Structure formats: structure tokens, C-alpha cells
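K.L.:
Here is how the chains run, residue by residue.
Protein chains: 2
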Amino acid sequence: MIATCVTVYVLPEYVEQFIEATIENHRGSVMEPENLRFDVLRAKSDPCRFTLYEVYRTEAGAAAHKETAHYKKWKDTVAEWMAKPREGVAHDVIAPLDPEVWKTERKYG
Amino acid sequence: MIATCVTVYVLPEYVEQFIEATIENHRGSVMEPENLRFDVLRAKSDPCRFTLYEVYRTEAGAAAHKETAHYKKWKDTVAEWMAKPREGVAHDVIAPLDPEVWKTERKYG
Chain A
1 MIATCVTVYV
11 LPEYVEQFIE
21 ATIENHRGSV
31 MEPENLRFDV
41 LRAKSDPCRF
51 TLYEVYRTEA
61 GAAAHKETAH
71 YKKWKDTVAE
81 WMAKPREGVA
91 HDVIAPLDPE
101 VWKTERKYG
Chain B
1 MIATCVTVYV
11 LPEYVEQFIE
21 ATIENHRGSV
31 MEPENLRFDV
41 LRAKSDPCRF
51 TLYEVYRTEA
61 GAAAHKETAH
71 YKKWKDTVAE
81 WMAKPREGVA
91 HDVIAPLDPE
101 VWKTERKYG
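These protein sequence lines map, in sequence, to chains A and B. The letter at position 53 of the first sequence is residue 53 when you use our numbering, and the numbering goes up by one with no holes. The letter at position 64 of the second sequence is residue 64 when you use our numbering, and the numbering goes up by one with no holes.
Derived from the structure by calculation, the hints contain no laboratory data. The structure displayed is predicted, hence computed values, not measured ones. Mixed in with the good hints, there may be bad ones.
Remember, identical chains collapse to one label, so a pair may be satisfied in a single copy or spanning two.
Dumping the calculated DSS-like pairs for lysine-lysine here, alpha-carbon to alpha-carbon at most 30 Å [stated by the list, open to error]:
#, residue 1, residue 2
1, 84, 73
2, 72, 44
3, 103, 44
Please build the complete structure, drawing on both the sequences and the hints.
P.N.:
Following this line, the structure appears as C-alpha cells:
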């Protein structure tokens with residue numbers, strides 16, 4: 001598994017549009033066969049700071065995400081809305097180790 | 001729901017002990033009634049950098065975690081092993097919104 005925490009700072013005037021575009025990306029991402037989680041979070045201390053928590057079963061699955069139409073659309077759409085470049089930190093998983101307990105239930109599509 | 005990302009930098013000589021103590025904390029935490037997730041992650045770019053991803057159904061549940069024996073033991077045990085103070089960023093959840101899809105399956109206890 002690979003778990004990536006992405007920190008995004010959005011320009012205040014684009015926050016609502018960013019949320020809308022990111023929910024759309026979330027809906028597409030959780031439908032990917034190798035995706036286990038795609039959580040969208042907003043910092044309580046700063047309404048312009050967001051975390052995306054993206055977990056894939058394999059490195060290949062994480063790489064495949066970047067080739068999807070929903071990711072490419074999101075990346076191009078939000079590019080001009082960011083206050084600074086987003087930062088992703090990729091992790092190995094220590095616990096829990098069973099990929100099945102990571103899976104977001106598919107409620108879309 | 002409240003989702004907290006905690007970043008921890010551990011002194012190299014204590015990394016293995018930190019992992020052991022944190023897995024024990026994970027096992028206790030996922031048994032808490034309000035806990036939805038307690039993921040333990042290690043950064044691929046830095047073997048001394050860890051992320052704890054802690055999700056609780058309510059603020060009260062997140063507060064109750066800090067009163068548990070397993071948390072207090074972990075906090076005291078790892079205090080001297082950290083290269084710098086740990087940093088937690090608390091978030092509101094934007095997606096997914098159903099708490100049921102967040103839950104770590106209880107495999108312990």
C-alpha cells in the first residue's frame with residue numbers, strides 16, 4: 001500500500017470552487033480499482049488549508065491515478081487557485097496492514 | 001467527525017521502539033467506541049518521519065482518546081524519542097461524509 005498526504009493552500013476567493021472540484025475528483029478516485037481511500041479534509045485552523053489523504057493498494061495504482069481523466073481535470077482546474085504549490089508526502093503503511101479495512105465503500109457511479 | 005494528521009520526527013536510534021509503541025497505541029485506539037480510524041504511516045522519503053491519521057466520530061471522542069491508558073502510556077513512552085515536538089493538524093471532513101465508511105475493522109481485543 002502507499003498512503004499520500006497532500007497539503008493544499010487555496011486562495012480564499014477560490015475555496016468554494018476548489019471544494020466542488022475536489023469532491024468530483026474524490027468521486028472518480030474512489031471508483032479506481034486500486035484505490036483504497038481518497039479522503040478530503042479541511043483544516044479547522046485555516047479554512048484555506050486542505051489535506052487529501054490518498055491510499056492505493058500498489059504503486060502502480062497510485063501512478064495510474066495520475067493518468068485518469070478525473071485527476072487530470074482536477075489538476076488543470078485547480079492549478080490557478082492554489083496559494084502555493086501543493087505538497088505530497090508518500091508513506092508506507094505500518095498499521096493496519098490488511099488492505100481490506102482501508103477500502104472506502106463505493107457509493108457513487 | 002474530526003480527522004487529525006499528526007507528524008512525528010523520531011530520533012534514529014529510537015525508530016524501532018517508536019514503531020512498537022505506536023502499534024500498541026493503534027490497537028488500543030481502534031477499540032475506542034468513537035474511533036473511526038487510527039492509521040500509522042512511515043514517510044518513504046525519511047524513515048524517521050511518521051504520520052498518525054486519527055479520525056473520531058465526535059470532538060468528545062477525540063478528547064476522550066487523550067484520557068485513555070493506551071494514549072497516556074504512548075505519550076509518556078515516546079516523549080524522549082522525538083527529534084522535535086510533534087505537530088497535529090485537526091480537520092473537518094468534506095468527503096466521504098458517511099462515518100460508517102471510515103471505520104477500521106476491529107481485529108484486536
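K.L.:
Indicate, hint by hint, whether the structure satisfies it.
P.N.:
Right, here's what the structure says about each hint:
In this assembly of identical chains, the alpha carbons of residue 84 and residue 73 lie at most 30 Å apart only when taken from the same copy (19 Å versus 39 Å across copies). For the homomeric pair residue 72 and residue 44, the shortest alpha-carbon distances inside one copy (28 Å) and between copies (24 Å) are both at most 30 Å. In this homomeric assembly, residue 103 and residue 44 come within 30 Å of each other (Cα to Cα) both inside a single copy, at 25 Å, and across copies, at 21 Å.
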